[in-house]
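**Student:** Listed below, chain by chain, are the residues.
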Amino acid sequence: MMFRRDEEDRNEHIDMTPMVDVVFQLMTFMLFSVQMSGGEKVDVPPARHGVGVEENEATFLTLLKPEPPAYEAKLLLGHGEGPTATIDQAKAAIAEGVREGKRKVIIQADGDVPHGEVIRIAGQVSQVEGITVHVGVQEEAKGK
Amino acid sequence: MASWDVFHAETLELERGLSSASVRQGLVKGSIREDDLVRPAGTSTPWTRLGDVAELTAPGAATGTHVESSPPTAKGGSRRQEPSDFELVAEEGLTPPPAPTLRSPDWLELRSESDDVAFPVLRDLPAAFDPGTPAAKKPPEPDDTNAEVLWAEEADDDEDSDDAIELEEATPEQAAAAAALAASTRTPTREASSQGSRLALPVVHARDYDDVPVVDEDDETFTFSRGGPQTVEELDLAPMVDVAFQLVLFFMVTATTVMFKTLEIPKPSNENAPASATQGRSRSLDDLSKDYVLVEIDSEGNLKIDREPAPADLNELVERLRSTREKTGRTSMLLSAEYLTRHRAAVLAYDAAHEIGMGIVIARPSSPEGAAPTLGSPSAASPPASKASASAGGSTPPL
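Sequence lines, in order, name chains A and B.
Using the working numbering, read the first sequence as starting at 1 and increasing by one per residue.
Using the working numbering, read the second sequence as starting at 1001 and increasing by one per residue.
Simulated from the structure, these hints should not be mistaken for lab results.
Glycine included, every Cβ here is placed at the ideal spot set by N, Cα and C.
One thing to keep in mind: the hints can contain errors.
Covered stretches of chain A (chain B as the covering partner; in silico rule of three or more C-beta atoms under 8 Å from a C-beta of chain B) [to be verified]: (1) 13–26; (2) 88–97; (3) 105–115; (4) 118–130.
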């Protein structure tokens, strides 16, 4: 004699609605909390009228502020974390980017870098044909 | 004149020797009901429902002998097929329960002891219910005065024949009345299923279980499980699809919105320009200020617009540039900043020029080793700067 129901009578359905709700909430949270800009690794100056450029469309150079009393900025290839490079290496990287279709050069210069250093580097890289030069900025802080 | 024994079905009382007139009078008064049972007094004839005896129910009926009366016999052949509502009680000497107040069925007969209260005794179902069985027993003959045929056990039951109670001899008149009643009823008797049972007590049968097939419990495992339809264990994919869709949407949005904010600056001219190309074409700031709004920034970040100090604030700078442009008609800005001027101060001037759509020309600063500042390249890449480039296209910076 068996007093329990058969196995097939049990409703073993897992209600996935709460899980979907939680996932949706997490995604909403991440969607609003994620940094939609490039996540600047360099303290670039703020600007109101910056134009967005996708990462895969440009070649990045980074200028870190010099250690006093030196005034020459530290040039890096890439966006903030690349290796230190000479101007010739930077030009070679830009030329390689142009061959890959990257015709924009973005100089991510720290706000404390001397203006003359930025112009010097910009003049050097401008020797590569077919590029446009941009300086990296960041969103202006709200309230200003 | 015929006399009757009346068994009050409701009160379980027996009245003996009532005349037909008394019975009819009792019917009128209500002391006797049609559902009460009657039989000729002093006989052992089966009890008959009073309402079925036309002699007693018909007003002004003839007062002939009850032998001549013929209770209705229509129920013999056309009786409704209904299951038994009574079963036999096997125990002897049991105090009889209250008699049924409902109308007794036609196959119900009463014990025919003349000197005692008779209780209903079950007889077998009519043959119409089970034609294949010997239940189609021969009803008692009308002329059979032996009242023992009305007892529970049939005469053909040899084993139980000893249980039949011998009845006392009835008077010829009583026997005739009994025979008449027996002939009028002609209801097949039901054979008692329980041997030795004498009393038929009202029991309600659960009709739905009468036809339940007998299942050997030893051969089958007994469970209380329902035999309903089996559930289909199918995984609902809709929530998973929802999650996947949301993830795809999320990655699409975030992948396309990772952008770097930039300001386009004029592309400086070739630093190594041939001397022949630049000779004689260098222009001083005073010359260029006729075509450009001159913005100067020293190494401390102090601004001057057309040699006049200006606040290092974006909104103020924008207003000054706009007013200057409207007054002089110059549509481009010439930025002349010192070499050690911080980059953020230069970007402030770029941003202000972009806000009002002015072209940008940058004077290349001299190195801090002591060279005097000279003009930068007037060439511009942005559309507003292209105007400046056109207006100052002839000038080549002596960098």
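**Student:** When the hints from earlier in the document are held up against this structure, which numbers fail?
**Tutor:** Going through the list in order, the structure violates hint 2 alone and respects the others.
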